[in-house]
Amino acid sequence: MTTSEEIIRDVYASAEAKSLNPDKFISLFADDGYFLDMASGQKWTGAELRQPVEGLASTFPDMHRELLHVYSTSEEVVVVELRLQGTHEGDFHTPAGVLSATGKKFDVPCCDVFHVRDDKVRSFHCYNMRSIWLDQLGA
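My numbering applies: residue 1397 is where the sequence shown begins, and numbers increase by one.
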């Protein structure tokens, strides 16, 4: 039996820019599962789930998520403290508009909360520090 933590580690591995696998990423979600970026309010479900990981990988081709702590509060809830890291090499679409590539590196604190049931992600809430991210990119 796969643990919830193992499933979440697979979610991150499939979203890494260097080994990006959007189909695997999507397969780890329940049919009604979703990814919600809390900073922007954007939400993706179903086939749309490939958009955030493909978009970040094209904007930040070295996008990496450094997992600092993984907490399994129950078999259904996993909380991850992490850092989003990479280099800004493409257009970054934000709610305020497009930020053209700056070539700047970023290292942004983040916390993700997942709900897992029946070996599938039901919800993924990403609490990234968008203001720090944009500041580091020179916006």
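The reader is advised that the hints may include incorrect statements.
To be verified - Straight-line C-alpha distance at most 20 Å; calculated SDA-like pairs for lysine to any residue:
{"#": "1", "residue 1": "1439", "residue 2": "1497"}
{"#": "2", "residue 1": "1414", "residue 2": "1460"}
{"#": "3", "residue 1": "1501", "residue 2": "1485"}
{"#": "4", "residue 1": "1516", "residue 2": "1486"}
{"#": "5", "residue 1": "1439", "residue 2": "1470"}
{"#": "6", "residue 1": "1420", "residue 2": "1519"}
{"#": "7", "residue 1": "1420", "residue 2": "1448"}
{"#": "8", "residue 1": "1516", "residue 2": "1406"}
{"#": "9", "residue 1": "1414", "residue 2": "1504"}
{"#": "10", "residue 1": "1420", "residue 2": "1446"}
{"#": "11", "residue 1": "1501", "residue 2": "1515"}
{"#": "12", "residue 1": "1414", "residue 2": "1468"}
{"#": "13", "residue 1": "1414", "residue 2": "1500"}
{"#": "14", "residue 1": "1500", "residue 2": "1525"}
{"#": "15", "residue 1": "1500", "residue 2": "1480"}
{"#": "16", "residue 1": "1516", "residue 2": "1472"}
{"#": "17", "residue 1": "1501", "residue 2": "1444"}
{"#": "18", "residue 1": "1414", "residue 2": "1451"}
{"#": "19", "residue 1": "1439", "residue 2": "1422"}
{"#": "20", "residue 1": "1500", "residue 2": "1462"}
{"#": "21", "residue 1": "1414", "residue 2": "1516"}
{"#": "22", "residue 1": "1414", "residue 2": "1519"}
{"#": "23", "residue 1": "1516", "residue 2": "1419"}
{"#": "24", "residue 1": "1439", "residue 2": "1414"}
{"#": "25", "residue 1": "1420", "residue 2": "1444"}
{"#": "26", "residue 1": "1420", "residue 2": "1454"}
{"#": "27", "residue 1": "1420", "residue 2": "1453"}
{"#": "28", "residue 1": "1414", "residue 2": "1453"}
{"#": "29", "residue 1": "1501", "residue 2": "1490"}
{"#": "30", "residue 1": "1420", "residue 2": "1447"}
It is worth saying that the hints were derived from the structure and are not from the lab.
Hint by hint, here is what the structure shows:
no. : hint        : verdict
1   : 1439 x 1497 : violated (24 Å)
2   : 1414 x 1460 : holds (8 Å)
3   : 1501 x 1485 : holds (9 Å)
4   : 1516 x 1486 : violated (32 Å)
5   : 1439 x 1470 : violated (24 Å)
6   : 1420 x 1519 : holds (16 Å)
7   : 1420 x 1448 : holds (14 Å)
8   : 1516 x 1406 : holds (11 Å)
9   : 1414 x 1504 : holds (19 Å)
10  : 1420 x 1446 : holds (10 Å)
11  : 1501 x 1515 : violated (35 Å)
12  : 1414 x 1468 : violated (27 Å)
13  : 1414 x 1500 : holds (18 Å)
14  : 1500 x 1525 : holds (17 Å)
15  : 1500 x 1480 : holds (14 Å)
16  : 1516 x 1472 : holds (10 Å)
17  : 1501 x 1444 : violated (27 Å)
18  : 1414 x 1451 : holds (13 Å)
19  : 1439 x 1422 : holds (14 Å)
20  : 1500 x 1462 : holds (18 Å)
21  : 1414 x 1516 : violated (24 Å)
22  : 1414 x 1519 : violated (25 Å)
23  : 1516 x 1419 : holds (14 Å)
24  : 1439 x 1414 : violated (24 Å)
25  : 1420 x 1444 : holds (13 Å)
26  : 1420 x 1454 : holds (18 Å)
27  : 1420 x 1453 : holds (15 Å)
28  : 1414 x 1453 : holds (8 Å)
29  : 1501 x 1490 : holds (17 Å)
30  : 1420 x 1447 : holds (13 Å)
Checked against the numbered hints above, the structure violates hints 1, 4, 5, 11, 12, 17, 21, 22 and 24; every other hint is satisfied.
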